[in-house]
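Let chain U serve as the given structure and place chain A on it in line with the hints.
These protein sequence lines map, in sequence, to chains U and A.
The numbering used here applies: residue 745 is where the first sequence begins, and numbers increase by one.
The numbering used here applies: residue 202 is where the second sequence begins, and numbers increase by one.
Derived from the structure by calculation, the hints contain no laboratory data.
Please read these numbers as outputs of a predicted model, since none were measured by experiment.
Among the hints, a few may not be true.
[To be verified] Within a straight-line C-alpha distance of at most 30 Å, the following computed DSSO-like cross-link-like pairs (lysine-lysine) qualify:
#1 U:K1076 x A:K592
#2 A:K539 x U:K864
#3 U:K864 x A:K592
#4 U:K1010 x A:K309
#5 A:K243 x U:K864
#6 A:K318 x A:K447
#7 U:K956 x U:K972
#8 A:K318 x U:K1076
#9 U:K828 x A:K592
[Claimed, not checked] Covered stretches of chain U, going by a simulated chain A footprint (3 or more residues, C-beta under 8 Å):
#10 765 to 771
#11 913 to 925
#12 1066 to 1077
Glycine residues also receive a C-beta, built at the ideal position from the N, C-alpha and C atoms.
Here is how the chains run, residue by residue.
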Amino acid sequence: MQNNIIINTLTQIVGPGHILSDLESLYSYSYDASPGHQHLPTAVVFPADTQEISQILSFANIHKIPVYTRGSGTNLSAGTCPVKGGIVLVTTRLNKILEIDEENLVVVVEPGVIVADLNKTVAPLGLIYPPDPGTVATATLGGTVSENAGGLRGLKYGVSKHYVMGMEVVLASGDIMTCGGKNVKDVSGYDMTKLFTGAEGTLGIITKLILKIVPAPEAKKSMMAVFKNLDDAGNTVSDIIANKIIPATLEIMDNATIRTVEDYAKVGLPLEAEAVLLIEVDGNPIVVEQEAKKVFSVLKKNNAFSVEVAKTQADVDKLWAARRAALPALAKLRPTTYCEDATVPRSKVPVFLHAVSDIAKKYNVTIGTFGHAGDGNMHPTLVCDLRDKEEMQRIHKAMDEIFRTALKLGGTLSGEHGIGLGKLQWMHIQHGPVGMKTMKAIKQALDPNLILNPGKLVGEC
Amino acid sequence: MDNKLTVEKIKECDKTLLLDIQDALANCMKCGNCMAVCPIFKELGVETGVARGKLSLIEGVLKGVIPLSDNFEKSMGLCLSCKACAANCPCGVPADELIIRGRQAIVKAHGLSPVKKKVFALLKNRPLFDLALRTAGIFGPISMKKLPRPMAVVSRFPMPGMDKKRVLTPFAAVPLRKQYPETIKINNAKFKIAFFTGCTINYAYTDVGKAVINVLKENNIEIVMPKMQHCCGTPVFTSGDIESGKAFARHNIQTFERYNVDYIIAACGSCTEALKYEYPKMFKDDPSMKIRAEKIAEKTYEISEFLVDIVKFRKDNLGTLNATVTMHDPCHMVRGIKVTQQPREIVKSIPGIIFKEMKEPARCCGSGGSFSLAHYDISRKINDRKVADIKSTNADIVVTSCGTCRMHITDGLVQNKIDNVEVMHVIQLLDKAYQAGKSNH
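Pulled out of the complex, with its shape left as it was, chain U reads as follows (with noise of 0.2 Å):
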């Protein structure tokens, strides 16, 4: 179909003010925050409502035209980039909270509310939406319920799914579907709001999201421990666990994330320790204090170099510094930032970062990883140039052995980011022919002809 056609049926539907199709424009909308993807689309739409997204998809369901959903496009799977050009549809129009249900601890909201706004607006109540990931003050909900996204909290208090408890989706073919609802317990049918929570923008466009919202925890405690030794940093994980203690955050860095991170923000980390790692229990004040102790007295069996524990507000923010400064520290050091998020069961997170650090050396990469120790979510972070090719096939040989080993390991491609086009040629490792086979027809059932975020999470089908 001519562009200008599709232009010109798109300014029907979205109003004039509210559709890029300048070159210029196009190519602010052809990558999100993954590197190495870009591509340009045909147009951009801010659409107003359901209604609008209904009509758009209707008129390009009919003629196969792909349609891209995006909201901040802060994705770092490169899950929002128009591969195959056609429509970006841009969801930041729709950013109401439509309800903040206090009595069954709910939200309604529209799926281009900022993560970061939710929490300003339901804290006054002392409420949170726990999932925070790194990108909290830009990111779309839509956005992040998509891409399942989780953060630091995610060993206590899970990750986007686990919040999600109904939506309103715009089907390819423009029909409006809902599913889920207010209900805790809810068995009816087939778990549709599961399905299209994580789906990527494959299988639909949630319009609207019912999320479930929790007490925000009394009290806080931060601790950081420094480890000499990788595997007594390791032992320390588990035995928390053991000790029937989760905390809401616990933390690691190895070696050379410790060594950037102390080169660039100068934050009193050891050169030498093997790895650090940041714990914070929360809660009642009481329980929050006992656990505390315990905590560390699980450090201290487990040959904890150092313990600092913080007492005051400015000791909270100097111990997070470190870990805060992790990614930009590393992402300093070199033009490309590859920020990867293999998963492993915890108890195998020492194994990997051990694999991780080998496999640096052989490929000669520069690799920092850092991340979640609780839940296994580990974030190897590959620095590197893009424009120099010759080390780009080494990052690539060596991306490949990690996703391989986490594979190995009994973990998974992705945490929290989601597969997008970054991580599918693993997808079969993880998945097998039968996975595969049975995701596709998912795709194929609800996308018949295969025009929503085509080629993306599941591939060609």
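Only chain A this time, still in chain U's reference frame:
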């Protein structure tokens, strides 16, 4: 406009134009963190309006995919140079500076816009500029209508490129430097300083200049206001006209070198930033000029910073002022020269003042120098947020340290029909306190 100008042509005309920033551009991860803090993105919601998008367009030009088109120019123009993106960037990408480089590429390829060309030509001719603004001061009352608040006028006649309802500052009938001798002598002076007045204070906000002089005198400091000083060059430089920017820098460096002073003081974040940081950077390829620029830079201080850090200004003779005061941090104060505590210390030291912080004191007011001329609608929306924040503090006075912010916020208050809030420079408040101290005795 020639839309076919590609990277090949740019390389021919100037190899260093954009190529040398390729590494800096590559450091942008496209994480989008800049979206959270960009005032323009908040209003427009499009990628071409935020740093990430602009940097990708510059990359596009370098790849030869994007021409130096009108749209490219428009996108580069949609920036207040508020530096919020750079301050919030996890990778430390100086996006604000890179966007100025994008503007430079446009200027190099297509020249300045006809309006800017005329304005800059006038600006570059110091005697003519002086004459023009003085004439404007003399004829001001004919063309401008005074509003019932200090230093606020609206145009009686439509002016090209200017919204008719927009509140402006009247040009002074007599510029500041004409009102005083070049040197204001003090017996047993503690220090001798040179006052870099900047255009706004010399030709419009002479009340700020007077306050600065009074306060310095109160602290036993001898003042020189070099006659030949000229605009700091920031408006020209940020428009991408780097060569003219350098000409201003060179002129001012030469002028201030002639005076044997302990310090150079400016009462504006942008002017201070120009002298302290931009001039040495401008001459990075000219070692002898660089050394001279650095000597000037070492001596340069913003007035609040100078009074608090160097002078330890007098507090024993401050009178009482009964008012609730809030403060707006100009972008070039907070993110440019990083001076925010000192002006607060000054305000808080005045007896009787209740200081109330507004929600986001460091959020740009939307002025952005000439940005508000070219994009009055957007700058108004940004300004409305600022005015709402000011209003919620119930302050009687909002103090700031930048003339352009003062004018823009005044406009915002008038447009929002808020008549009981006054806008002034921090130093004017201090001057009032010294005056109050005298009348009490």
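Hey, U:K956 versus U:K972, does the alpha-carbon distance stay inside 30 Å? 41 Å, violated
Agreement of A:K318 and A:K447 with the hint, judged by alpha carbon distance not exceeding 30 Å: 16 Å, holds
Assess, step by step, whether the Cα of U:K828 is no farther than 30 Å from the Cα of A:K592, and give holds or violated. Between U:K828 and A:K592 the Cα gap is close to 50 Å, so the pair fails against 30 Å, i.e. violated.
Verify the proposed pairing of U:K1010 with A:K309, using a straight-line Cα cut of 30 Å. Violated, at roughly 41 Å.
Is it true that the CA of A:K539 sits at most 30 Å from the CA of U:K864? 28 Å, holds
Under a C-beta cut-off of less than 8 Å, do 3 or more residues of the segment 913 to 925 of chain U approach chain A closely enough to confirm the stated coverage? violated (count 0)
Does the structure keep A:K243 and U:K864 at a Cα separation of 30 Å or less? 17 Å, holds
Does U:K1076 lie within 30 Å of A:K318 when you go C-alpha to C-alpha? 39 Å, violated
Does A:K592 lie within 30 Å of U:K864 when you go C-alpha to C-alpha? 21 Å, holds
Per the coverage rule (Cβ-Cβ under 8 Å, at least three residues), is the segment 1066 to 1077 of chain U covered by chain A? Check passed, 4 qualifying residues.
Taking a Cβ-Cβ distance under 8 Å as contact, does the segment 765 to 771 of chain U have three or more residues in contact with chain A? holds (count 5)
Regarding the pair U:K1076 and A:K592, is the alpha-carbon distance no greater than 30 Å? Since the Cα atoms of U:K1076 and A:K592 sit roughly 41 Å apart, the hinted pair is violated (cutoff 30 Å).
Of the numbered hints given earlier, the model fails hints 1, 4, 7, 8, 9, 11; all others are met.
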